[in-house]
Amino acid sequence: MTSPKKTKTIKTIKIDIDKCNGCRACEVICSSFHAMPKYSSNNPARSRIRVTREPIRDVYVPVYAGEYAAAECAGRDKYTIDGKEYDECVFCRAACPSRDEFKEPDSGLPLKCDMCEGEDEPLCVKWCMVDALTYEEREVEIDEEEPNPEEIETGLQSLVDKHGLDKVADMVAQLAKEKK
Amino acid sequence: MRYAETGFNLEIDLTRGNIEKVATDPKDTELYLGGLGTNTKLIWDRVAPEVEAFSPDNLLIFGTGLLCGTPATGCNRTIVSTISPQTKLMAFSMMGGFWAPELKYAGYDKVVLRGKSPDLVYLWIKDDKVEIRDASHLRGKGAVETAELIKAELKEPKAQVAAIGMAGENRVFYASIEQGRSSASRGGIGAVMGDKGVKAIVVRGTKDLNIAEPAKYMELCHEVLAYIKHREGNPIPGVMPILAGLGSPQEMKVHDEKWHTENFMWGNSRTRRKDFWNEEIEKEWTETLDKARTRLVSCFNCPMECGATISMPGLPTYMMKCFTKLTYTMGAFSDLDFGLRIAQKATEYGVDGFSTPQVMAFALELLENDILPASDFPDMPEDTEGRFYYLLDKIVRREGIGDILANGTYWAAKEIGNGAEAYAHNNIKKTEQLPLKLSMLNPVYFLMYATGEKMNITQIEGQFPQAPFATMEEREAFVSDWVQVPDEKFKQYLLDWEFRGENSNPYYPTIEMSCNIVDWQETMHYIDDALGQCAGLSSFPLKPPYHIHNYPQFISAGAGIEMNEEQLKKAAKRYRTLVRAVNTNRGMRRKDEKPPENHWKKRFPELEEQLLDGYYKFKGWNADGIPTKESLHDLGLDYVCADFIARGILTEGDDLPAEDVSSNETLVEG
Ligand code: SF4
Ligand code: SF4
Ligand code: SF4
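So the protein sequences, as listed, match chains A and B.
Just so you know, we're using the numbering used here here: the first sequence kicks off at 5 and counts up by one.
Just so you know, we're using the numbering used here here: the second sequence kicks off at -17 and counts up by one.
Quick caveat, the hints were computed from the structure, so don't treat them as lab data.
Careful, some of the hints might be misleading.
Stated by the list, open to error - Here are the simulated SDA-like pairs of lysine to any residue, each with C-alpha atoms no more than 20 Å apart in a straight line: (1) B/Lys419 with B/Thr440; (2) A/Lys107 with B/Thr188; (3) B/Lys198 with A/Pro41; (4) A/Lys42 with B/Ala194; (5) A/Lys130 with B/Lys211; (6) B/Lys525 with B/His212; (7) B/Lys273 with A/Asp62; (8) A/Lys88 with B/Arg275; (9) B/Lys273 with B/Ala208; (10) B/Lys240 with B/Ser316; (11) A/Lys88 with B/Thr299; (12) B/Lys137 with A/Lys42; (13) B/Lys273 with A/Arg61; (14) B/Lys471 with B/Ile493; (15) B/Lys140 with A/Lys42; (16) B/Lys235 with B/Thr440; (17) B/Lys583 with B/Ser421; (18) B/Lys108 with A/Asp104; (19) B/Lys137 with A/Arg61; (20) B/Lys189 with A/Glu108; (21) B/Lys108 with A/Pro41; (22) B/Lys552 with B/His615; (23) A/Lys88 with B/His615; (24) A/Lys107 with A/Val65; (25) A/Lys23 with B/Glu214; (26) B/Lys140 with A/Tyr90.
Claimed, not checked - Partner residues aside, some chain B positions facing chain A, computed with beta carbon under 7 Å: (27) Leu191; (28) Leu278; (29) Asn283; (30) Thr299.
We put the CB at the ideal spot given by N, CA and C, even for glycine.
Generate coordinates for the entire structure from the input sequences, incorporating the hints supplied.
In structure tokens, the structure reads:
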């Protein structure tokens, strides 16, 4: 049996770290666009893209903000690319407790890239005149998501093993109430 | 609410260790714009003419340009102003990079330093938290090294660090302030920072900077970006490659160095090597640069990539900018490999790339000509390159002969005597100038060299082509889209300009035209220095994206200050005149305003006097180069006039100087 197909537009910003010159124009325009009212102020610390820039080590990595992560990861990988060592955090798109990236500097609330909603092209891409950032849109076919009861059961069972049935049941009840 | 600027300065008294956040008067911004303009006002108000460079009463001001930190492309300059130990006049050196925008985001427009710290310290500015911290562990460390150590120590990888090296600590008169991919080099401001006991100023900011009319401002920014793209795709035909585009691509992008190596002077600014550039050298230099250059890098919010990260085998990585690529090479008659290697050391030591190689070449010439004895150079290597390294070390440590050479060729020659002064032959106002020797006097350049107060010709020239175009067709093509001209008459100047005959140098451009051209060029540079705009996208190249017709709109929409072209020109004239007034009070007079004697082979003394007369008049200065009562009044600078009268520089009744009160010592040496 084949599941029904649906198409979805995936928006990506392709990052070429070899082309980045560290100018931070992308940070400037992103923060400016998201100011209220639009463009009324400018503050790269509020930007949804940030450039890790360590010139002496020749590290230039622009990354745009993804999901909020409530917890930082317990262990982090180190990558060696072209002889340069990078901490996993350099590539990570999460606003997580261990760093100030992708958080409003005053409130600490997480920031997330919205692909510059309302604009035909992400502004960071437009302002990156050396093409370190390029915008790509592709249509992908996705499977209609159907709940898989088996998967849910396995997941719940592991939580029950860890915390006991009562606690898990309480938590589910509470979540159900909050969502309503 | 203040727009584009924060409205606050940080005032730090290093003697007492006192830190204050001071609100500034928006009226001053209207009158003097910001950056250089308001820096100059502070110096006028608070540094008396008697105050010497190394006095606790001298101020060292790190000013951001009015539009720094806004989305305006390339607007990122820090303007450092103080009294120069070398010229004893006001110094104002600019640096690009990232420091000024960061300071704005921390909530300040300027850092004003006064007093002297008893111990070596660094300043740590993070938004509202400002600390003076011990830097004794950083003594003797390189400028780049210092920046890396401080960022690690504070765990602040995003902080921006302006630091001095050993040269600044030891008060070398041409010590620079280094900031990542940029430096503020002219006038010995690094020496003043060292004298104040400040190793570095470290900044991190996370606050908002407001724009008065957001939609309008963004429209202007987009126009500039579109124009940059257009210019990149359409280089100007018929001019040398470095003038064809924007920014300063010659520094690190372009391999063709025929023009610089064959037109600039080698050694102690004496030898021109007309046939230097050949295929073999081009190949060798291209390989050297390609191997050394890891990446082209830009300043804050600019795509132009005028600098580069350089990693020479066996040496720590550093960033190169500006003409340093060739200065050491040409000073030592060496090759690019040597130039890039010694520049690594020089950057860490924090010295000016223009002056330093010339001082070293000067010292070697004195040795060759028995003006300095060999005993002054104990254990010096035999080869020129080795000697350059040796001298660099001696100078930044002020050891032996290095202690004298550390004061620059002008003061060193005076101290050495024995005919040494003839060898310090390319100074202007006591500072080493660009090592150029040309044949026929050029009236426009004569005026810029003579009257410029920035001590660097590249910070004065620009806008108008350096030479005529050969054919009328080329001229017409050039003027056809020349929107930057402040007035149509400039187009005609260019159309009529010939290589030979009546309409050629030195009598063409005429005195009147020359005054107009120089004034236009200078005005644009002064506007940039107040707004914090890089000259590479404005006053320096031909046909830049920023010009007199869009700047007023940028200021209105960005800073919320009502501005039109006339008001902007007047504001620029106001603080340009104030710079002159500061220097007038310090003794600068007409006799000091001459290019080096041997800059041009063919000189025209009578014409030169007429040019100077004409330009002074045009600028509203009297025959001695002092701003007149009338022009000061026009600019709202009556307080300057009152001071001049009180000091006997101007008399009550007329515009003539009461008497020649200038120091006996002339500021210029041939
Ligand atoms: S605008 Fe482009 S080149 Fe500049 S920092 Fe961002 S990604 Fe890098
Ligand atoms: S796409 Fe838009 S929101 Fe996302 S990082 Fe780029 S400028 Fe910011
Ligand atoms: S044009 Fe060059 S020097 Fe000027 S701001 Fe841009 S990168 Fe920096």
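Results of checking the hints against the structure:
Between the alpha carbons of B/Lys419 and B/Thr440 the distance comes to roughly 15 Å, so the proposed pair stays at or under 20 Å and holds. Of the supplied pair hints, the one linking A/Lys107 and B/Thr188 holds, its CA atoms being roughly 11 Å apart against a limit of 20 Å. With a C-alpha separation of about 13 Å, the suggested pair B/Lys198 and A/Pro41 falls inside the 20 Å cut-off, and the hint holds. Annotation: proposed proximity of A/Lys42 to B/Ala194 holds, straight-line Cα distance about 12 Å (limit 20 Å).
In summary, the hint linking A/Lys130 to B/Lys211 is supported, as the alpha carbons are separated by about 12 Å, within the 20 Å threshold. In summary, the hint linking B/Lys525 to B/His212 is supported, as the alpha carbons are separated by about 11 Å, within the 20 Å threshold. Our distance criterion of 20 Å between C-alpha atoms is met by B/Lys273 and A/Asp62, whose separation comes to about 15 Å. In summary, the hint linking A/Lys88 to B/Arg275 is supported, as the alpha carbons are separated by about 16 Å, within the 20 Å threshold.
Distance check on the hinted pair: B/Lys273 and B/Ala208 sit about 33 Å apart at the alpha-carbon level, beyond 20 Å; violated. Under the criterion of a C-alpha separation no larger than 20 Å, the hint pairing B/Lys240 with B/Ser316 is consistent with the structure, at around 15 Å. Between A/Lys88 and B/Thr299, the direct Cα distance comes to roughly 14 Å. Compliance with the 20 Å bound is thereby established for this hinted pair. Between the alpha carbons of B/Lys137 and A/Lys42 the distance comes to roughly 33 Å, so the proposed pair goes past 20 Å and is violated.
Distance hint between B/Lys273 and A/Arg61 is fulfilled; the C-alpha atoms sit about 16 Å from each other, no more than 20 Å. Using a Cα cut-off of 20 Å, the hinted pair B/Lys471 and B/Ile493 holds, with the two alpha carbons roughly 14 Å apart. With a C-alpha separation of about 26 Å, the suggested pairing of B/Lys140 with A/Lys42 is violated against the 20 Å cut-off. At roughly 19 Å between alpha-carbon atoms, B/Lys235 and B/Thr440 fall within 20 Å of each other, so this suggested pair holds.
At most 20 Å may separate the alpha-carbon atoms for a hinted pair to count; B/Lys583 and B/Ser421 meet this at roughly 5 Å. For the given pair, B/Lys108 sits about 14 Å from A/Asp104 by alpha-carbon distance, which is consistent with the 20 Å threshold. Restraint check for B/Lys137 and A/Arg61: the C-alpha separation of about 16 Å stays at or below 20 Å, so the hint holds. The suggested pairing of B/Lys189 with A/Glu108 holds, with an alpha-carbon distance near 10 Å, which does not exceed 20 Å.
Distance restraint check for B/Lys108 and A/Pro41: the Cα-Cα separation of roughly 26 Å exceeds the 20 Å cut-off, and the hinted pair is therefore not satisfied. A hinted pair counts as satisfied when its Cα atoms are at most 20 Å apart, and B/Lys552 with B/His615 qualifies at roughly 12 Å. Annotation: proposed proximity of A/Lys88 to B/His615 is violated, straight-line Cα distance about 62 Å (limit 20 Å). Between A/Lys107 and A/Val65, the direct Cα distance comes to roughly 18 Å. Compliance with the 20 Å bound is thereby established for this hinted pair.
Note on A/Lys23 and B/Glu214: the hinted pairing holds, with a Cα-Cα distance of about 17 Å set against a maximum of 20 Å. For the proposed pair B/Lys140 and A/Tyr90, the alpha carbon gap of about 16 Å is at most 20 Å, so the pair holds. This hint holds: B/Leu191 has a C-beta 5 Å from the nearest C-beta of chain A, less than the 7 Å allowed. Residue-level restraint check for B/Leu278 holds (minimum Cβ-Cβ distance to chain A is 6 Å; threshold 7 Å).
Proximity of B/Asn283 to chain A holds as hinted, the smallest CB-CB distance being about 5 Å (cut-off 7 Å). For B/Thr299, the interface hint holds, since its Cβ comes within 7 Å of a Cβ in chain A; the closest pair sits about 5 Å apart.
Hint violations for this structure: numbers 9, 12, 15, 21, 23, all remaining hints satisfied.
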